[in-house]
Amino acid sequence: MNRKIISWAVLCAVVLLSATAVLAQIPDPKQIEFPYVGNRTAVWIVAQLHVLFAAFILGAPIFVSVCEWLGIRSNDPRYDRMAKDITKVSMVMYSLAALTGGFFLFAMITLYPALSAWFFTHMFGLVAIAYPLLFIAETLVLYVYWYTWDILKGDKKRRHFAIGVVLNIMGILILMIGNALTSFMNTPVKSPEGMEMGIREYLENVATLWDKVNNYSWTTMNFHRLIGNAVFGGFIVGLIGAYKYVWAKTDEERAHYDWMGFVGNFFGVGSMMLFPLVGYIHASSFYMYDASLGPYMMGDQLSMFWEMQGLMIGTIFLSSAIYMWLSMRRIILPETYAGVVSRPLVSAVLSGFLPGLGHFYNKKYVAGLFWLVWVPAWAVGVETFLDSMEPMSGPMHFLILLRGFPVIFYIMNVSRGFRSANDEPMARPRLLNFPFWWFARFLVWLDQFSLRNVFGVMKFAIFVLILGNLVWVTPHAFVGAVSELTDETYSQVAIPEQWEFLSLMPAKNTAAALMVLMILVCYILYMRAIKVGRIQWGKIGFPAQLLLVLVAFCATWTMGLMGVVRSGIRKYWHIYNVIPDLTGDNYTPTLAHSAVVITILSLVFYLIVSLAILTTLKVGEAKGKGCSMYSWGRGSLFCWMLPCPRRRSVKAESSL
Amino acid sequence: MIFFAVVAVIVTIIGHLWPQFSTARELEGITRKTERFRKDAEARESLSMKTKELSAKVDELMARLEELKTQGNLNMAALNLPEEKTAAPKSSSANLAPGDLVGRGKLVYQDQECYNCHKIGGKGGKKRGPELDNIGNLATAEQLKKKIFKPKAWYADGYEKRTKDKMPDKFPDVMSDDELEALVTYLMTLKNTDVKTPKPVFPSGS
Chain A
13 MNRKIISWAV
23 LCAVVLLSAT
33 AVLAQIPDPK
43 QIEFPYVGNR
53 TAVWIVAQLH
63 VLFAAFILGA
73 PIFVSVCEWL
83 GIRSNDPRYD
93 RMAKDITKVS
103 MVMYSLAALT
113 GGFFLFAMIT
123 LYPALSAWFF
133 THMFGLVAIA
143 YPLLFIAETL
153 VLYVYWYTWD
163 ILKGDKKRRH
173 FAIGVVLNIM
183 GILILMIGNA
193 LTSFMNTPVK
203 SPEGMEMGIR
213 EYLENVATLW
223 DKVNNYSWTT
233 MNFHRLIGNA
243 VFGGFIVGLI
253 GAYKYVWAKT
263 DEERAHYDWM
273 GFVGNFFGVG
283 SMMLFPLVGY
293 IHASSFYMYD
303 ASLGPYMMGD
313 QLSMFWEMQG
323 LMIGTIFLSS
333 AIYMWLSMRR
343 IILPETYAGV
353 VSRPLVSAVL
363 SGFLPGLGHF
373 YNKKYVAGLF
383 WLVWVPAWAV
393 GVETFLDSME
403 PMSGPMHFLI
413 LLRGFPVIFY
423 IMNVSRGFRS
433 ANDEPMARPR
443 LLNFPFWWFA
453 RFLVWLDQFS
463 LRNVFGVMKF
473 AIFVLILGNL
483 VWVTPHAFVG
493 AVSELTDETY
503 SQVAIPEQWE
513 FLSLMPAKNT
523 AAALMVLMIL
533 VCYILYMRAI
543 KVGRIQWGKI
553 GFPAQLLLVL
563 VAFCATWTMG
573 LMGVVRSGIR
583 KYWHIYNVIP
593 DLTGDNYTPT
603 LAHSAVVITI
613 LSLVFYLIVS
623 LAILTTLKVG
633 EAKGKGCSMY
643 SWGRGSLFCW
653 MLPCPRRRSV
663 KAESSL
Chain B
6 MIFFAVVAVI
16 VTIIGHLWPQ
26 FSTARELEGI
36 TRKTERFRKD
46 AEARESLSMK
56 TKELSAKVDE
66 LMARLEELKT
76 QGNLNMAALN
86 LPEEKTAAPK
96 SSSANLAPGD
106 LVGRGKLVYQ
116 DQECYNCHKI
126 GGKGGKKRGP
136 ELDNIGNLAT
146 AEQLKKKIFK
156 PKAWYADGYE
166 KRTKDKMPDK
176 FPDVMSDDEL
186 EALVTYLMTL
196 KNTDVKTPKP
206 VFPSGS
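If you read the sequences in order, they're chains A and B.
Per the working numbering, the first sequence runs over residues 13 to 668.
Per the working numbering, the second sequence runs over residues 6 to 211.
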């Protein structure tokens, strides 16, 4: 263990010394161009990978500590086993986070020397002292935590839990330091009211280190990323559970990893419910700092990123809901159980709430009432159609809530599509005013006469119409600049007045709140079913595991996407309004380009994570093989990076 | 892995399906907006080069003077040093015709994204900031300059209590005096009395 700690300490020292040495010798830094991808993408790649690994090693300990605590409280050994498995994977991730962090620092120093020099000069104590020291301290605590797992058992388990808490505190402190730098780049501290001093002058001469750290978006970013890491940790645990479930050889293993996947997903989705709230608070800190950041983020170059984000979050929620549906199939319920919810009522409330609220907000009561009638009718029509596709019985009644998701998707799509109503780039919305309700009724009537072939065609047709409607209401194009539009072209792209209410904040907030509400009700019904029924752990199907993988992938992808948005808010500045980016990379990357980079990075991340899970949890558990890393060869990367309690004994045995 | 690959392809395609912002158009604006910073950087670099060159020349001259001193034939009056002449740098906007200045002001309006909060000719953001169509009749050029560089100097009627959507105070940091001059010249041409541009309200004591 000592050798590892010394190695990491030396690595950190070398990095720091190199940094200071390099910076000291650069009186007039020249731009180095990274081959093929360019400087910005090169830094993007290492930074994103570092953030992903770091998010896991900060999120997983939160999850592990919660599990350990639950294990202590409930005396259920499954929690401890799961916590240990995750910690084992975290060790590899920790090393990779450190390595990518080192690469990130090197990339910054070599590709953006002036910016790096600025940070080292103005925030030296934070960047060069506090951060590396905390990192080394966290490494020490992590090793103590890992090595004392089997020592501090029974009565001493609480002490082990306490070490986990210390580990979490250190992780959060490191997160806060990282956030101080990134949030400072977005919202650097300005001179207080009445001081009448330019921002650069204030930062150079007056602002203290604490002023720079405690900038406008630091606190909100801390909350946002902390919860984000917890969500991410939960979903990655779900992924580990899915892998292990598929690899499981015995019923006992299948039961355990089925349970692990469920708990991971539950933790991830549960934490995610706080996201809309902290997200809005975080976004509002940008508005408060500089109102021009808001339109840029939500209605300008970055607006389509939010369309994509809505889709990804919707996919995560929907996949989790379907996962629960599949979970329900392995619950043995008593005959008396009924999870019935009035379908029309749910649909009407959910779909009518948003437009009604939007119009009442705008004091257009008559129009509001119209929407309260029309949209629920549409929604009930869709509901009825979906209902007719598969007869439901018994516990499946609760699925009505899942059926509400298309409605939520529709609302999300419309509200986000219309977001740009007040801003420069505008959408061209077109809607199909189709009487879905009557059409669906007609289909049900047809079904009753058993015209199944015709019915099948009609079902397909209505499905295409629904999809077409969704596609139609999405934004079709950006408009370069409002001032360049003629009156004619302006009227073509402007949002029709009767739809404008959907671009209001209450509409968007309601859509997000409904999404959370839906999943919450799903979970309540699920928990109710668990209470009265009996779960057959290990009987869940393979598709459920694919959903867990999908959710984890979507979460990673969304993190990457939001990283681009967060970084993009700075516009053409390295540090907003302080250091302009005068390189050729100072434009906002398009969503298409970002999607390619994020996808590649997500795939690389999952390749490494899968390898880590495979090495630590699959190969390592092969009987008689000793340590998992050892089985990959003494010289392997993981073998060198990880403390390996069993390797010594294997070596000792071989030397005998 | 196949599943990952399929999902990856799908999300990448979806990312390409949404409308994409024109990077070329954005770069045009960025080039204009960063021009002054780029010039500053070039000036700094050029100054640094000149300083180095002058320093080398001074060293050379000092060495020559020392040489002359030691030879004992130094006559300062014979050197006939010229007097330094300094001229104040001319403002670039001062060279522009009024029509050009208005055109440049329009570009500044565009580059600083004023349209996100203000409307002119019915185009632009709503609610955040007042419509500016008649601002030329309601405020003087000096008042407008003051408002842009010091947003709390005065308010448009009805916009006194804004907290979240208040006018940004960043413009002194991101705009040059020339740009301010051009923007205000353009705004002063807006005199459409058909539009109800709110009147300025000056806080008591200002």
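Note that these hints are calculated values from the structure, not bench results.
Treat each hint with caution, since some may be false.
Derived DEER-like restraints, expressed as beta-carbon distance ranges [to be verified]:
hint : chain 1 : residue 1 : chain 2 : residue 2 : range
1    : A       : 118       : B       : 194       : 24 to 32 angstroms
2    : A       : 616       : B       : 155       : 24 to 32 angstroms
3    : A       : 596       : B       : 15        : 27 to 35 angstroms
4    : A       : 543       : B       : 6         : 34 to 42 angstroms
5    : B       : 27        : A       : 235       : 53 to 61 angstroms
6    : A       : 221       : B       : 15        : 41 to 49 angstroms
Derived contacts from chain B toward chain A, CB cut-off under 10 angstroms, selection only [stated by the list, open to error]:
hint : residue
7    : 16
8    : 21
9    : 24
10   : 29
11   : 136
12   : 157
13   : 160
14   : 163
15   : 178
Even glycine gets a Cβ: it sits at the ideal position worked out from N, Cα and C.
Right, here's what the structure says about each hint:
A hinted range of 24 to 32 angstroms for the beta carbons of residue 118 of chain A and residue 194 of chain B is inconsistent with their spacing of about 53 angstroms. A hinted range of 24 to 32 angstroms is violated for the C-beta pair residue 616 of chain A and residue 155 of chain B, which are about 49 angstroms apart. At about 32 angstroms, the beta-carbon gap between residue 596 of chain A and residue 15 of chain B stays in the expected band of 27 to 35 angstroms. Roughly 39 angstroms separates the CB atoms of residue 543 of chain A and residue 6 of chain B, a value that falls within the hinted 34 to 42 angstroms.
Hint check: residue 27 of chain B to residue 235 of chain A, Cβ distance near 35 angstroms, so the stated range 53 to 61 angstroms is violated. Taking the beta carbon of each, residue 221 of chain A and residue 15 of chain B are about 46 angstroms apart, inside 41 to 49 angstroms as hinted. At a threshold of 10 angstroms, the smallest CB-CB gap from residue 16 of chain B to chain A is about 6 angstroms, leaving the interface hint in force. A least Cβ separation of about 4 angstroms between residue 21 of chain B and chain A falls short of the 10 angstroms threshold, and the interface hint therefore holds.
Satisfaction of the interface hint for residue 24 of chain B is found here, the shortest Cβ-Cβ separation to chain A being roughly 5 angstroms, below the 10 angstroms cut-off. Checking residue 29 of chain B against chain A: minimum C-beta separation of about 9 angstroms stays under 10 angstroms; hint holds. With a least beta-carbon distance of about 13 angstroms to chain A, the hint placing residue 136 of chain B at the interface is violated under the 10 angstroms criterion. With a least beta-carbon distance of about 8 angstroms to chain A, the hint placing residue 157 of chain B at the interface is held under the 10 angstroms criterion.
Restraint check, residue 160 of chain B versus chain A: the minimum CB separation of about 14 angstroms is more than 10 angstroms; hint violated. Because the smallest distance between the Cβ of residue 163 of chain B and any Cβ of chain A comes to about 16 angstroms, over 10 angstroms, the interface hint for this residue is violated. Annotation: interface hint on residue 178 of chain B holds; nearest CB of chain A at approximately 5 angstroms, less than 10 angstroms.
Of the hints listed earlier, those the structure fails to meet are numbers 1, 2, 5, 11, 13, 14, in rising order.
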